[in-house]
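Peer 1: Chain residues, written in single-letter form:
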Amino acid sequence: MIANYGYKDGSGEFYISIDTDKCTSCSAGRACLTACPKGMFEIITDDYDDEVAAVKQAFRRSLAFDCSDCKPAAGYTSLPCSTACTPGAIKHSW
Amino acid sequence: MTAGEKKEYWRWQETCWIDESKNWRDAKIITAGIDVGSVSSQAVICVDGELYGYNSMRTGNNSPDSARNAINGVLEKSGMKLEDITYVIGTGYGRVNVPFAHKAITEIACHARGANYMGGNTVRTILDMGGQDCKAIHCDEKGKVTNFLMNDKCAAGTGRGMEVIADLMQIPIAELGPRSFDVDQEPEAVSSTCVVFAKSEALGLLKAGYSKNKVIAAYCQAMAERVVSLIERIGVENDFFITGGIAKNPGVVKRIEKLLGTKAVETKLDSQIAGALGAALFGYTLMQKQGASAKAA
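For the protein sequence lines, the chains are A and B, in the order given.
The numbering of the first sequence is our numbering, which starts it at 1 and goes up by one.
The numbering of the second sequence is our numbering, which starts it at 1 and goes up by one.
Excised from the complex, chain A in its bound form (with noise of 0.2 Å):
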């Protein structure tokens, strides 16, 4: 399943999605938890039972604020969610 988490609105469209079919047999050690220097990262027990990696509610409206520290501008040229997420799991829409 692909899930997406968090919204468009008049300054653009802020998704972050995570392939849950690339979680439940994770080979990157649950990476995603500790990568996000803001803990946006969670493990959940999904609506089918398998354990996947979620965006923590408090974070799902605020992503273009709390994403911006890791983005280019910031100096970073890899997202360091994605980048620890080796099956590639985890993606960016902006």
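No lab work stands behind these hints, which were simulated from the structure alone.
Every value quoted in this text rests on a predicted model; they were computed, and no experiment measured them.
Built from N, CA and C at the ideal position, the CB exists for glycine as well.
Heads up, some of the hints might be wrong.
According to the in silico footprint, chain A covers these stretches of chain B (three or more CB under 8 Å from chain A) [as the list claims (entries may be wrong)]:
1) 101-112
2) 148-158
3) 222-233
Given the structure of chain A, go ahead and fit chain B onto it with the hints provided.
Peer 2: Just chain B now, kept in the frame of chain A:
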């Protein structure tokens, strides 16, 4: 209406229905789904995996009470007691506040399952236009979610936005859709990113001499554009199905269909019960699995 009494134009019709042709006393498994949403609450009862009855009403300021009121409506009409129900699943915003639920499942999974029942197993794309959020969902032939996206940051493209416009226009909410077609020329959409901006624009259009119907058409178009931009992010795969209260508004539905270039599957059932129905069906599957494992043991 007496002087000083304020008419609530936003108030939509609450419904309670049971299938008189079914006898719940003959059922092996009775399950219920309770969808406590931000604006409306629904209770659906299924007997042996088939829809038996439902109650759809406005959510109050207390989720447990809303859940109780919703289920009590169906129970009273059918002569059933809460103890007769084998399994109850809560869903929606208030899903963790359903006091008599055995389990909570997100409304995303429940809407997909409900749409699969209501629109058939060929439904692949679901648009749930709820009271305070909007969800675009992809599912497989079993109604299992394969991709979803939701927007709950603002009221644009939601039922609450439509209620605001109904009150502003002083036109009953059920009449907005049909009246939006009664225009000589389709107007430009108002702001689709914010209900407050849309309301201001609508007022401006009224002052500029637009008829009420034309303003409603501009708002319906804005709402359609808003949700289409959301659904296009995950793509549209036929069959396409719309759930939630806005599915009852032809002014928005027809405009969405036009923008997407596809027709939504029609149903005779109330589009607002999809989440609760999906929850009740999840309960039935769970009970079947438990029965099967008990037999195997």
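Peer 1: Next, verify each hint and record whether it holds.
Peer 2: Hints versus structure:
Against chain A, the region 101-112 of chain B contributes 4 residues with a C-beta closer than 8 Å to a partner C-beta. That satisfies the three-residue criterion, and the hint holds. Only residues whose C-beta sits within less than 8 Å of a C-beta in chain A count toward coverage, and the region 148-158 of chain B has 7 of them, enough to reach three; the restraint holds. Under a criterion of three residues with beta carbons nearer than 8 Å to beta carbons of chain A, the stated coverage of the region 222-233 of chain B is upheld, 3 such residues being counted.
The structure agrees with every numbered hint stated previously.
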